[in-house]
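So the chains spell out like this:
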Amino acid sequence: MEVLLEVEKLCRYFQVKRTLSEMTSNAPRTVKAVDNISFKVTHGETFGLVGESGCGKTTTTKVILRLLKPTSGRVLFEGDDIHGKLPKSRLGNIHREIQAVFQDPAGSLDPRMTIGQIVREPLDIQKTGNAGPREGTVRQMLGAVGLTAEQYNRYPHELSGGQQQRVAIARALALHPKIVILDEPVSALDMSVRTQILNLLKDLQSQFGLTYLFVAHDLSVVRYMCDHIAVMYLGQIVENCPTSQLYENPIHPYTNALLEAVPVPDPSRRKGPSNLRGSMPSPINLPTGCRFHTRCPYAVAKCRTVEPELLEVSKGHLASCHLADTFLPRTPAS
Amino acid sequence: MSVQDLSVRFYLASGVVNAVEHLSFNVKKGVGLGIVGESGSGKTVTALTIMGLLPRPPGRIDSGTILYSGTDLIKLSQEEMRKLRGKRIAMVYQDPMTSLNPVLRVGFQIAETLMVHEKIAQHEAEARAAELMEAMGIPEAEKRAKEYPHQFSGGMRQRIMIAMALATKPDLLIADEPTTALDVITQSQILSLLKDLQRKHNMAVILITHDLGIVAQVCEEALVMYAGHGMELGTVQNIFLNPKHPYTKGLLESTTRADKEIKRLSSIPGTIPDLINPPLGCRFHPRCPLADDRCATQEPPAFPEGSEGYSKCWRSESS
Numbered sequence: 001m002e003v004l005l006e007v008e009k010l011c012r013y014f015q016v017k018r019t020l021s022e023m024t025s026n027a028p029r030t031v032k033a034v035d036n037i038s039f040k041v042t043h044g045e046t047f048g049l050v051g052e053s054g055c056g057k058t059t060t061t062k063v064i065l066r067l068l069k070p071t072s073g074r075v076l077f078e079g080d081d082i083h084g085k086l087p088k089s090r091l092g093n094i095h096r097e098i099q100a101v102f103q104d105p106a107g108s109l110d111p112r113m114t115i116g117q118i119v120r121e122p123l124d125i126q127k128t129g130n131a132g133p134r135e136g137t138v139r140q141m142l143g144a145v146g147l148t149a150e151q152y153n154r155y156p157h158e159l160s161g162g163q164q165q166r167v168a169i170a171r172a173l174a175l176h177p178k179i180v181i182l183d184e185p186v187s188a189l190d191m192s193v194r195t196q197i198l199n200l201l202k203d204l205q206s207q208f209g210l211t212y213l214f215v216a217h218d219l220s221v222v223r224y225m226c227d228h229i230a231v232m233y234l235g236q237i238v239e240n241c242p243t244s245q246l247y248e249n250p251i252h253p254y255t256n257a258l259l260e261a262v263p264v265p266d267p268s269r270r271k272g273p274s275n276l277r278g279s280m281p282s283p284i285n286l287p288t289g290c291r292f293h294t295r296c297p298y299a300v301a302k303c304r305t306v307e308p309e310l311l312e313v314s315k316g317h318l319a320s321c322h323l324a325d326t327f328l329p330r331t332p333a334s
Numbered sequence: 001m002s003v004q005d006l007s008v009r010f011y012l013a014s015g016v017v018n019a020v021e022h023l024s025f026n027v028k029k030g031v032g033l034g035i036v037g038e039s040g041s042g043k044t045v046t047a048l049t050i051m052g053l054l055p056r057p058p059g060r061i062d063s064g065t066i067l068y069s070g071t072d073l074i075k076l077s078q079e080e081m082r083k084l085r086g087k088r089i090a091m092v093y094q095d096p097m098t099s100l101n102p103v104l105r106v107g108f109q110i111a112e113t114l115m116v117h118e119k120i121a122q123h124e125a126e127a128r129a130a131e132l133m134e135a136m137g138i139p140e141a142e143k144r145a146k147e148y149p150h151q152f153s154g155g156m157r158q159r160i161m162i163a164m165a166l167a168t169k170p171d172l173l174i175a176d177e178p179t180t181a182l183d184v185i186t187q188s189q190i191l192s193l194l195k196d197l198q199r200k201h202n203m204a205v206i207l208i209t210h211d212l213g214i215v216a217q218v219c220e221e222a223l224v225m226y227a228g229h230g231m232e233l234g235t236v237q238n239i240f241l242n243p244k245h246p247y248t249k250g251l252l253e254s255t256t257r258a259d260k261e262i263k264r265l266s267s268i269p270g271t272i273p274d275l276i277n278p279p280l281g282c283r284f285h286p287r288c289p290l291a292d293d294r295c296a297t298q299e300p301p302a303f304p305e306g307s308e309g310y311s312k313c314w315r316s317e318s319s
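Chains as they are written, first to last, in my numbering: chain F, 1 to 334; chain C, 1 to 319.
Extracted from the complex, chain C is given alone in its bound form (with noise of 0.2 angstroms):
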């Protein structure tokens, strides 16, 4: 998949939110990209987009191609999308507790999937997904499948939530903060698995994440996002152990590390930009220890850095 200028703007009484702007970065087979920012960063817009599931209005897709095996995901009907929707392209969302149906049995929703998407019958569905939910790890399937949600915990049923992603073994998996809602132990073993099932099924990964630490322990590459703009895309050796854009170098200067004693973190000053009326010129320019004139009046563009990644800043355009 390769996203290219993709603008997505917001049209609200109050004014119009320029939600992502001019956002490009490819997403290859077999990998995992972690898209990392903070809230109003815009990654869960760029989600949504992907899915086709932007709410227009008030959204408006503006500019920009999502290329999916040739065809361009934005020009397609919704009965179209509908059917690449869950089946090519499938996502797992923060908090499994509002997206599962507590009234029906976790075997039957994963089945509902497959009989949808695969047109089979639902003995021989539900029959597939108790085997899904054994190879997520979860014990005593066969039985658990005849459970409802509020009798799992957390992490089981985020399990039950990948489960019903990959039951039509998917392309592209997205996975928006899937383990925020879960205590760290139980994040580390869904991480794992997911990680795992990226491998074995040679799928593409995109795991939007507010955490560093959780990009580099599991993706290849990594994009960081700041109000709206990918500010630097690379390979996560590039970004965390060489990062070029001053955002990135900030947020990893500013974060806490379990494996490290540190006196003093150095800290991003400043507050995160009004998407309304977002800054000039460059969006961090406000916050960043190095602008410039140029910084405040002219936006920098993507200047190629690593083999396929970019940085947008000024400071990288000689390099």
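Excised from the complex, chain F in its bound form (with noise of 0.2 angstroms):
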């Protein structure tokens, strides 16, 4: 299958303000937001990045998105260097096939425009065709969506949330990107009109063709959304594999506390609280060795001192632990 979209070692780091007697103690001045992340997403899949806030994946979107810089490494788009010296016309090519849809809606749409406006904006912009064109692609969209035509000349706020984020899902779409960020698209919605919202996500995507990347902190949405799923951790990956291996052969202790903390909607299936110890640690003091350690039931004396490397446990199915093959799901004797 072909990679449309790949990060390669991606490391951003911010600088953080310090005190007199912070900076006399020699106290450290870095954020480690991300902190070398790699992972590939296929052509017409939904690659997953999961994890607690905190952990950088809107950090990384912002880099894919060319909002950020990275401190190293790459992000890859077809094989091009985004942050890398390209010809003008590519790097708008690419920034036309790279949109996003953010958390919330209302505060991602211009409050003095209206919905045919806001949708018709990136066409502008980027001077798709001529106005009676766009004046269609915006009237297809806006119908691809689920929106009526009487909309067209509405003002966000006259709209309800679900409704705002099928604009927002409208205007990603006008320029027929290849791939769309999905940073947190339904977590602002309420439980009857996030359903839709995802099922029309899943339509559009194989009625345009489209990748998504979509960030979430809701593993029961990721599992419902997602074909590859990669679990974040204080600024790295802990885990990387298809979706279905990651519900039922889950590796690194953190992916299974997470999965063993979503309360599911069942009674007759009760969970105890986590065996987690501990909140996460500042991502400015980070833990040495493997940063889960200070809250992982299982750490050994090398967990405190070796970082782990993200590595393959078994087909398709990274995890950085260093007792990744204690957690291995056992061959049955033949």
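Derived by calculation from the structure, the hints in this document are not laboratory data. Warning: the hint list may mix true and false statements.
What the hints assert, rightly or not - Computed list of lysine-lysine pairs in DSS-like fashion (alpha-carbon distance at most 25 angstroms, straight line): (1) C:263 <-> F:40; (2) C:249 <-> F:271; (3) F:127 <-> F:85; (4) F:127 <-> F:88; (5) F:40 <-> F:9; (6) C:143 <-> C:169; (7) C:195 <-> F:271; (8) F:62 <-> F:85; (9) C:195 <-> C:169; (10) C:249 <-> F:202; (11) C:75 <-> C:29; (12) C:260 <-> C:249; (13) C:263 <-> F:315; (14) F:202 <-> C:263; (15) C:29 <-> F:271; (16) C:87 <-> C:195; (17) F:271 <-> C:200; (18) C:169 <-> C:200; (19) F:127 <-> F:178; (20) C:260 <-> F:202; (21) F:178 <-> F:85; (22) C:260 <-> F:315; (23) F:62 <-> F:17; (24) C:260 <-> F:271; (25) C:263 <-> F:178; (26) F:302 <-> F:9; (27) F:32 <-> F:9; (28) F:271 <-> C:28; (29) F:202 <-> F:40; (30) C:263 <-> C:249; (31) C:29 <-> C:195; (32) C:28 <-> C:169; (33) F:69 <-> F:17.
Unchecked claim - Counterexamples of contact, computed for chain F against chain C with all Cβ distances above 10 angstroms: (34) 9; (35) 17; (36) 23; (37) 28; (38) 79; (39) 83; (40) 87.
Glycine included, C-beta positions come from ideal geometry on N, C-alpha and C.
Got two chains here, each in a separate frame; can you build the complex from them with the hints?
Next up, the structure:
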């Protein structure tokens, strides 16, 4: 299968403001928001990036959208380094072909523009076709996301949250992108509307042959949407595998803890409290060795000193854990 | 506590918002009731009304009683309600950061409740506050009681809020979306803490949430609300494994799950109704796959289902 987007050893650090005493005591000056992550998104799939708040998933999307420059590492789109030296025309293409939908639909739509203007704006900026065809594209897109013609002249505040998110999706699709970055696209929506939007995204994907990078914290939404999932913890990927593998044979203790903590709507399957200790360490003062060792119920001496690598533990299943072998499902004795 | 036929409306310039209509449910000692609903379903207004914190005006209680060990809370004066609130009935809110005072030490904030309601000296109250923090699973409680809210993580702040609510050993704890602002692992820890405390103190708990999973995991009974109405009430076993109301069924069928692989979920069509001009008849009928003419014109009463539950659906009439 053809790789559309590749993230290669990507790092993004931020400088932190320090007080005078912190400067004199030589406290660390950087937050390693994203620290050496690599993954590949193949054409036509939905790739999920999951993790708790502060794990670096949104920073990753910002680098992919060229809203942030990487500290080191590369983002390759169809083989081209999007932060490298590229002809202007190619860069324009890339901007057109990578689009995004964000969490808060109200915040990402200009309140003084009508729905029609909002969806049309990217077409105007990219100077796609003439006025007539542009108008047609806008109406076609609004129809594709399930909005009516009469909503064309409405303003965002006149629409419900679900409808606003439909507008944001129509805007993202207006330029016929190849990949759409979906950053928590349904977490601000109500339950009954959430599934409508998820199903709409699935339908649009097959209709337009789209590739999605789906960023979310909710493991139940990710299971429904994604073909491949990478789990992030403190700026790193701890596990990366096909969706069915992740839920049936999770390897990394952190993935396991996340899955155990998701409330399941079934009273006959009640779970106990999470077996993790403490809370997430500060990304400024990262733990030595494995970043998860401070909370891991299985940590051994090696975990405190040696940082594990993200290695293939079984076919197509990557995990970064020294004890990965012991968590592999036992092959039945033949 | 027994809530009967409660109706709360907001009288605004733009019209009358029917926030809660003819709502009835009971909360029993030692039992956790989950109130689940989408935004605008009336779950928070119900909680605020029980607490006597409904902003009046524009809010008004147009009908109903809230009986709490024999007294109707609606008829109590502000002064009488103040004595009850925080002592016998306590509440934990969604956002622990805005509910804590940033310039006061957390130990003092917990102690304050005790000083007001139990009239004990400050040093004694602060010692009790540290014990409470310890019981909520906050390590080095005595030292940390002297710290300020910003020095705590979200999960720890929520533990402090719970310590504050439980300081006076209330009979009823109302938790309004207590874990919405938290990450999933912290959420699981806070929910099991609440569950343990409910059992230990034989306390009634009303847990308000939009997450069906949370209700299934920690509550004994569930009330499903939609557009100000209690659509279905029952044990969690009945609500989740044998739902009667089409809205409950629709919600469960459209829920994404981490424990199952699902190819295609069915979704409830349409959007949440406007509460100023709610649909006539059953509030859910414009979105209901089973709706007929009667649903569009006549509001269904609460038909009994299970031992103490109900379903507000004409389909439950015959059963």
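Comparing the hints with the structure gives:
no. : hint            : verdict
1   : C:263 <-> F:40  : 24 angstroms, holds
2   : C:249 <-> F:271 : 23 angstroms, holds
3   : F:127 <-> F:85  : 23 angstroms, holds
4   : F:127 <-> F:88  : 15 angstroms, holds
5   : F:40 <-> F:9    : 11 angstroms, holds
6   : C:143 <-> C:169 : 23 angstroms, holds
7   : C:195 <-> F:271 : 12 angstroms, holds
8   : F:62 <-> F:85   : 19 angstroms, holds
9   : C:195 <-> C:169 : 15 angstroms, holds
10  : C:249 <-> F:202 : 23 angstroms, holds
11  : C:75 <-> C:29   : 23 angstroms, holds
12  : C:260 <-> C:249 : 17 angstroms, holds
13  : C:263 <-> F:315 : 24 angstroms, holds
14  : F:202 <-> C:263 : 11 angstroms, holds
15  : C:29 <-> F:271  : 23 angstroms, holds
16  : C:87 <-> C:195  : 20 angstroms, holds
17  : F:271 <-> C:200 : 19 angstroms, holds
18  : C:169 <-> C:200 : 11 angstroms, holds
19  : F:127 <-> F:178 : 18 angstroms, holds
20  : C:260 <-> F:202 : 18 angstroms, holds
21  : F:178 <-> F:85  : 21 angstroms, holds
22  : C:260 <-> F:315 : 23 angstroms, holds
23  : F:62 <-> F:17   : 21 angstroms, holds
24  : C:260 <-> F:271 : 16 angstroms, holds
25  : C:263 <-> F:178 : 23 angstroms, holds
26  : F:302 <-> F:9   : 24 angstroms, holds
27  : F:32 <-> F:9    : 13 angstroms, holds
28  : F:271 <-> C:28  : 24 angstroms, holds
29  : F:202 <-> F:40  : 20 angstroms, holds
30  : C:263 <-> C:249 : 18 angstroms, holds
31  : C:29 <-> C:195  : 13 angstroms, holds
32  : C:28 <-> C:169  : 16 angstroms, holds
33  : F:69 <-> F:17   : 20 angstroms, holds
34  : 9               : 27 angstroms, holds
35  : 17              : 16 angstroms, holds
36  : 23              : 21 angstroms, holds
37  : 28              : 19 angstroms, holds
38  : 79              : 33 angstroms, holds
39  : 83              : 31 angstroms, holds
40  : 87              : 42 angstroms, holds
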